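Q: Position in the sequence shown (from 1) plus 12 gives the number in the numbering used here.
Simulated from the structure, these hints should not be mistaken for laboratory data.
Take these hints with a grain of salt, some might be off.
[Claimed, not checked] Below, a list of computed lysine-lysine pairs in the BS3-like style, where the Cα atoms sit at most 27 Å apart:
#1 K151 - K167
#2 K151 - K166
#3 K151 - K111
#4 K144 - K167
[Claimed, not checked] Here are the computed distance ranges between Cβ atoms for each label pair:
#5 Q115 - E141: 15 to 25 Å
#6 R31 - S140: 30 to 40 Å
#7 K169 - E131: 51 to 61 Å
#8 Q115 - Y148: 21 to 31 Å
#9 R73 - G125: 47 to 57 Å
#10 V15 - A137: 44 to 54 Å
Only a predicted model underlies this, so the values are computations on that prediction, with no experimental measurement involved.
Just so it is clear, CB atoms sit at the ideal spot from N, CA and C, and this is done for glycine as well.
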Amino acid sequence: RWVLSLECKGSRNFMSALRRAVEVDFKDRDRHKSQGLYLLTTGIPDQETHVVRAYLAEVCRGFDLQLHVCLFSVTEDVGPSGVTPARYANPTETATAFKEIVQAANGRFHWFGEAGIFESDDITAIVSEMEKANSYSQKVGIMCIFLSCVFLQKKKKEMI
13 RWVLSLECKG SRNFMSALRR AVEVDFKDRD RHKSQGLYLL TTGIPDQETH
63 VVRAYLAEVC RGFDLQLHVC LFSVTEDVGP SGVTPARYAN PTETATAFKE
113 IVQAANGRFH WFGEAGIFES DDITAIVSEM EKANSYSQKV GIMCIFLSCV
163 FLQKKKKEMI
């Protein structure tokens with residue numbers, strides 16, 4: 013409900029929004045098995061990364077809360093009003109900061125841009141699983157070849 017009362021401003025006051033979401037609207041958290049917050053953003057929070065990380069680590073420790081971040085990188089360095097944000101970082105620095113923040117909150121990080129997906133924890137996990145499956149498949153293939161060689165040698169010995 014409180015989201016409807018928000019207005020766009022020239023700030024990325026992440027801590028204020030996070031505190032409001034965590035401390036005000038989580039009255040019913042005992043009824044739910046897990047809670048998740050999704051941050052859709054185009055830039056780095058106004059607050060320093062270590063401050064946000066420390067707060068999230070403390071909040072997430074109390075109950076099953078995860079923060080997932082979807083970072084959309086735009087090519088412009090200034091906001092729609094033509095003003096550089098209070099705290100500026102290039103896209104790579106911004107992604108690094110959010111990866112650290114997400115780790116503290118046991119969440120997932122996704123980084124998109126106009127060119128497509130730059131990084132995604134979900135895609136990384138899928139690729140890792142595919143690599144494991146490929147490795148297991150190769151090992152099973154080697155084992156099958158070995159066992160068939162052993163079987164053939166045993167058959168030859170029986171024939172002699």
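Q: Determine for every hint whether it applies to the structure shown.
A: Hint check results:
Using a Cα cut-off of 27 Å, the hinted pair K151 and K167 holds, with the two alpha carbons roughly 24 Å apart. Pair hint K151 plus K166 holds up; C-alpha atoms about 22 Å apart against a cutoff of 27 Å. In summary, the hint linking K151 to K111 is not supported, as the alpha carbons are separated by about 34 Å, beyond the 27 Å threshold. For the hint pairing K144 with K167, the CA-to-CA distance comes to about 34 Å; that exceeds 27 Å, so the pair is violated.
Between Q115 and E141, the C-beta spacing of about 20 Å keeps the proposed range 15 to 25 Å intact. A hinted range of 30 to 40 Å for the beta carbons of R31 and S140 is consistent with their spacing of about 34 Å. Between K169 and E131 the beta carbons are some 56 Å apart, a value that agrees with the proposed interval 51 to 61 Å. Our hint of 21 to 31 Å for Q115 and Y148 holds, since their Cβ atoms are close to 28 Å apart.
Distance hint check for R73 and G125: the Cβ-Cβ separation is about 33 Å, which falls outside the suggested range of 47 to 57 Å. Between V15 and A137 the CB atoms are about 30 Å apart, so this pair departs from the stated range of 44 to 54 Å.
Going through the hint list in order, the structure does not satisfy hints 3, 4, 9 and 10.
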